[in-house]
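**Student:** Below are the chains, spelled out letter by letter.
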Amino acid sequence: MENKKRIVIIGATSAIAEHCARLWVQGTTVELTLVGRDATRTERVAADLRVRSPQSNIRVVQAEFLDPIAIQTVVDAIAGHGAVDAVLIAHGSLPEQSLCQADLTTCHEALDINGISPVLYAEAFAKHMAKTGHGTLALIGSVAGDRGRKSNYVYGAAKGMVTRYAQGLQHRFAGTAVKIVLIKPGPTDTPMTAHLKNQGAKLAPVEDVAKKIVDAVERGQAVVYVPGKWKLIMWVIRHIPAVIFNKTNL
Amino acid sequence: MRLVSSWGRLSACPHDVLVLNDRSKVSNVLAGHHPGIAHGMGRSYGDVCLNPEGVLWNTTGLDRFIRFDENTGRLTCEAGVLLRDVQRLVIPRGWILPVTPGTQLVTVGGAIANDVHGKNHHVHGTFGDHVKLIKLVRTDGEIIECGPQLRSEWFAATVGGLGLTGVIVEVEIQLNRAAGPWLETETIPYANLDEFFQLADDSEAEWEHTVSWIDCVSRRGGRGLFMRGTPRGDFDRLEPQGHKLTMPLLPRISLVNRLSLPPINMAYFYFKKWQAGRTVTHYEPFFYPLDNLLEWNRMYGPKGFFQYQSVVPREFGKDALQAMLEQIARSGDGSFLAVLKTFGNRPSVGMMSFPRPGVTLALDFPNKGARTLKLFERLDAIVREARGRIYLAKDARMPRDLFESGYPRLNEFLKYRDPEIGSQLSRRLMGA
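Those protein sequence lines, which keep their order, are chains A and B. For what it's worth, UniProt numbering labels the leading residue of the first sequence as 1, then goes sequentially. For what it's worth, UniProt numbering labels the leading residue of the second sequence as 1, then goes sequentially.
Because the hints were derived from the structure by calculation, they are not lab data. Careful, some of the hints might be misleading.
Every beta carbon over 10 Å from chain B, so not counted as near; a handful from chain A, in silico [to be verified]:
{"hint": "1", "residue": "4"}
{"hint": "2", "residue": "80"}
{"hint": "3", "residue": "133"}
Pairs of lysine-lysine residues, derived as DSBU-like cross-links and limited to a Cα-Cα distance of at most 35 Å, are as follows [unchecked claim]:
{"hint": "4", "chain 1": "B", "residue 1": "272", "chain 2": "A", "residue 2": "212"}
{"hint": "5", "chain 1": "A", "residue 1": "212", "chain 2": "B", "residue 2": "25"}
{"hint": "6", "chain 1": "A", "residue 1": "229", "chain 2": "B", "residue 2": "303"}
{"hint": "7", "chain 1": "A", "residue 1": "5", "chain 2": "B", "residue 2": "303"}
{"hint": "8", "chain 1": "A", "residue 1": "127", "chain 2": "A", "residue 2": "247"}
A few chain B positions that, by computed beta-carbon distances, are all more than 10 Å from chain A [what the hints assert, rightly or not]:
{"hint": "9", "residue": "16"}
{"hint": "10", "residue": "22"}
{"hint": "11", "residue": "357"}
Beta carbons: idealized from backbone N, C-alpha and C, even for Gly.
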C-alpha cells in the first residue's frame, strides 16, 4: 500500500483526463483520487478504472470548481492524507467566442472555469507540495493561450493566465524537487471539440495526447506541446507581426 | 457535416456525426437528432453503418467497462468498447472473448449488431451466443433490456439486427476460460475442394479454430492453405511486440489487379507450403492477421473495394463453391484475401444473423464499376440457386430478391425496427 503512487486528477471526467487515468492504472497499481463536479459521471469513470486495475485504489471526490473555500477544503482533505506524487488539473470547457462577446455572464463563466479555477486548485496543491518538498503538478493549458486570436480570445485569455501562472510556479519551485508541468494541447478529438470535427478540423487522437501527457508528468518536463508540431506552429503564430496577424482570419 | 466512409471506401458522403459519450444521455441525443444509425469503428464494408446526408450516432465514446467478475467471467461494458480492449483486459486474467471476427478493431455493439463469427463457429457459434444482456435505447426514449431469457424476442431481433432496433448502449458478455495468449497452430496445404472438406471434417472435432485461405486466381481447382489452431496453456514466452505499419498513401490505382494478383497468390501459396507444419502462435497474429497493417483498405485505390461473402448449405456447398471460383478465376478479378470456412450446425440466435450451417466464402474485389457488378450478378445466381445468403455487414449492392430469399425471418424482424433509425442499407433492402 505504501508503495503505490498517489495521483490526483481534477476534472476527471474530461476525456483527456480519463485517458491519462487509464494509462496510469495500466500495468501498475496506483492510488488514484478522481475529483469531479458530477458524482455520477465521475463514479462511472472510476468503475471503468477499477475493472482495468482491480488492485488500484480509486476514490471519487465530488467538488465545487469555483468557490475558493470549497477548493481549499477539498485539496486539504486530499493532500492532508500524505504526500501526493502527481496532480493533473484537467478541467475546462470550450465556450463559443460569439456567445462570450454577446453575454458577459457566459464570458465570466468561461474565464472562471478555464482560468481561475485551475489556478486556485494548483495554488492549493502547491502549498502542500512546498511543505512536503515532493510531487509533480501538471496543468492543462492550451495552444490558444499563446496568442489572442479573434476566434477564441476569451478561452485563450483564460488559458494564457494558466500559462503565466505556471511560469511563476516553475520559478517559485526552481531548484526544488517539486516539478511543475504545463501541457499545451492542440485541438484534440474529445466531446469538447466534436463540433469542430464536424466542421472538418483535423484533431489529435485523445489516446495519443494522453500518452504524451503521462510521459511529460513522468519526466517532469516544464512545457510540453501535444502533438509536438504545435510547438513550431505556435512559435510562428507568436512571431507574426501584428500588422500582418491582424489581417488574418485565425 | 463530415465525410464518412465505411471500410470498403466505396463512397465518402457527408454525415451529421454526433458523438455519444455519456450513456445516461443517449436518449436525449437520439430524441433531438434523428433519423440516424449507430456507427462505431466503421469496419463493416458496405453501407450497413452509413446514412448519407443524415445522422450518425458515433458510439466510440461509450468505451467504459462497467463490471468484471473474474470468478464467473461475466463482463459488463458500454457498447463502444473495442474487442481489442476486452481481449487485452481479460486474457491476462484467464478469460477470453469466445467469438471474435478477423479484426479486433470493432466495437462490442457493432459485433452484436452484425452478429459476427470467427474461426471457431463450429464450436462456439456466433458472438450473439455469448451475450447475456443488451441495454437498448429507442428513439422514443424507451429503454429495453433484453437477453436470451429476458424479452427474448427483442434479443433475437437485436442480435444481428444491424442497429435497426435501437442503439445498443450497454452489454453483458459471458467470457470463456483461457489458459493464456498462445495457440498451437498448424498450416496444411490442400490441392482442391475435396481435400478442403476432408480437412475441415477431420479437424473440427479436435481443433477449436479452423479457417482456410484459398487461391482464387489459380485455375488448378481450388488449392489453398488450411489453418487450424487450438488454445495451449502450458506455454510461456515473450509476447510479440506487434510492429504497426500504416498504408501511407492512397494509391491512384488499385494495387490489387490482374497483373499483381497471380504472382502474389502463387508466392503466398508456395511460401506458406514451404513453412507448413505445427507451431505456437500468439492469439493476435492468429486471429487478427491484418490489424497491424493499419488502413490496409487503401491498397484498393480511390474507388474502394467490395467484399462478397456468402454462405451456402453444405449439401450444395462443393458445387456452388466450384462454380463461384470458376466465375472468379474467369473474371481475373478477386483478391488476395480469399477465405473459406465451414460453419457448424447450430442455428444463430438472431433473426437476421448471417451464419447458418454450411460453408462460407469471403473475397475482396477492387471496385471496377459495372464489370465488378456483373461478376456479382453471376455469383448471386449461384448463391440463389444453392439457397444461400450474403453477409449484410459486407454488402453494398445485393438485389432485394436475394436478400429476401436469404433472410426468411425478415418480416418477423421488421416488427422490432425503430421507425426513426435507418441506414443506407435498410433503405436499399427494406425500403425504409
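**Student:** Against which earlier hints does the structure fall short, listed by number upward?
**Tutor:** 4, 7, 8, 9, 10
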